Structure formats: C-alpha cells, structure tokens
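Novice: Assemble chain B onto chain A, guided by the hints.
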Amino acid sequence: DGGITQSPKYLFRKEGQNVTLSCEQNLNHDAMYWYRQDPGQGLRLIYYSQIVNDFQKGDIAEGYSVSREKKESFPLTVTSAQKNPTAFYLCASSTTLMGRLYGYTFGSGTRLTVV
Amino acid sequence: AQRVTQPEKLLSVFKGAPVELKCNYSYSGSPELFWYVQYSRQRLQLLLRHISRESIKGFTADLNKGETSFHLKKPFAQEEDSAMYYCAPPGLSGGYQKVTFGTGTKLQVIP
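Those protein sequence lines, which keep their order, are chains A and B.
Remember, my numbering sits 175 above the position in the first sequence when you count from 1.
Remember, my numbering sits 386 above the position in the second sequence when you count from 1.
No lab work stands behind these hints, which were simulated from the structure alone.
Here the structure is a predicted model, which is why all the values come from computation and not from measurement.
No false leads were slipped in.
Below, in silico cross-link-like pairs of lysine to any residue (SDA-like), each with a Cα-Cα straight-line distance of 20 angstroms or less:
1) A/Lys184 / B/Tyr425
2) B/Lys492 / A/Gln212
3) B/Lys408 / A/Gln216
4) A/Lys184 / B/Gln428
5) B/Lys492 / A/Asp213
6) B/Lys408 / A/Gly215
7) A/Lys232 / B/Arg389
8) B/Lys492 / A/Ser283
9) B/Lys395 / A/Gln212
10) A/Lys184 / B/Gln431
11) A/Lys184 / B/Arg427
12) B/Lys401 / B/Lys492
13) B/Lys492 / A/Arg219
14) B/Lys395 / B/Ser468
15) B/Lys395 / A/Phe263
16) A/Lys232 / A/Leu220
17) B/Lys492 / A/Phe263
18) B/Lys492 / A/Gly284
19) B/Lys395 / A/Pro214
20) A/Lys258 / A/Gly233
21) B/Lys443 / B/Glu466
22) B/Lys492 / A/Gly215
Here chain B is said to cover these stretches of chain A; the calculated rule only asks that three of the stretch's residues, wherever they fall, bring their Cβ under 8 angstroms from a Cβ of chain B:
23) 204–218
24) 281–289
Using N, Cα and C, we set each Cβ at its ideal position, and we do this for glycine too.
Extracted from the complex, chain A is given alone in its bound form (with noise of 0.2 angstroms):
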C-alpha cells in the first residue's frame, strides 16, 4: 500500500529541546516537503528536497533543520530555537507522470506540542 507515513502522531516536547519529526514515502517520488499548518494561515513551507543529498529553505526555515540521505526519508527537526514550535506539521511528496506534474501526496501529519 503506497504512500506517505509520518510519526509519530501526536509529539509532546520540553522547551529547549531538540526533536525529530520522522516522514517515510514508498512512491518513488523525488520531491519532499515539509509544511506547517497553523489555524488561519494555512500551509507555510519549511523545507523542501528535490534530490537525495539536497534540500532548500522554505518560507520559515528558521529553527529547523532537515536531512535528506534516502530517497525515501525525509525527517525535519524541530531545534530549541524555534520561538514557537507548537503546531501541525505536514510531510508531502511529489513527482511527475507522463512529464506532466503530478501534485503533492500529504502525510497525515503529526501534531507537535511543547510544554
């Protein structure tokens, strides 16, 4: 059964710790992508990978750091510098087919709270 898997679900950290969001997909694509989902501001990229061994800086890349060693894998971690780091995050995946761009396939996320 193909598709992406995010872990854990639920993710409850202490201020000043460091942790890691991991995201797994069996479809082959090529592009990963992590996003935060907020109430009323809607999907804002963090990072993103095009290629095994490569990653860019999405939109609010401040406080998080990713790795990109496997095709399949993708984890983000979430640093104590991240000011605000309680939220929803989304894994997603993308390729193309018959050359034409295919859309994202989404994780089903995993909600990270820090007490």
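Specialist: Here is chain B on its own, set in the frame of chain A:
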C-alpha cells in the same frame, strides 16, 4: 514572490446554493494548478487538477489566464462539502520554481 492567493478565509453557503471558492495566481509561464481538500480529521488530499479537466464530487475549476484565476465551483452545495480547501501549485520538478500554497478557504455549508 510567485504565489497563489485565496482571498476568502471563510465561505458560508446554504445547502443547495452554488459555491465558488476563489483562487488567483501570480506567476508566469504555463501554470498548472490543483485544488486540495481537507475534511475534518482527514489528511489533505487532491481534489482535482486542471490539466485533466476532471469533475470530482461535482466540483469543477477552469483556468482563466486572462484573469489569472482558477476558481473552484459547484452548482449545489452539500453538507459533506464542508471542509478546508487549498489552491496550490503541483510541486517542484526540473525548472519549476517554488510557489507558495494558498492560505486556504474554509467552506461551511449550512443545512
């Protein structure tokens, strides 16, 4: 910045009334746009893509290059259409640049 814009945060309509969710884009080249929907407690999912000219759950969207718009329409709203809707680019590939998602419109269908 290249982006898509959804001017309405909330749209309330009565059941059976027509629905139009607005989306405007501001990037050059041949745009390829999509609509995504997020029902309560479900993951964000693709609703339709303009290149395939699909009609999903009664929704359609026409790309208007003159007005740079890709509005989502449905002639008769159903209660189960209540959800969050996002207008979006397809993603990155090759020479495509990063384009921001719309901020989303919450559609509320009143019984």
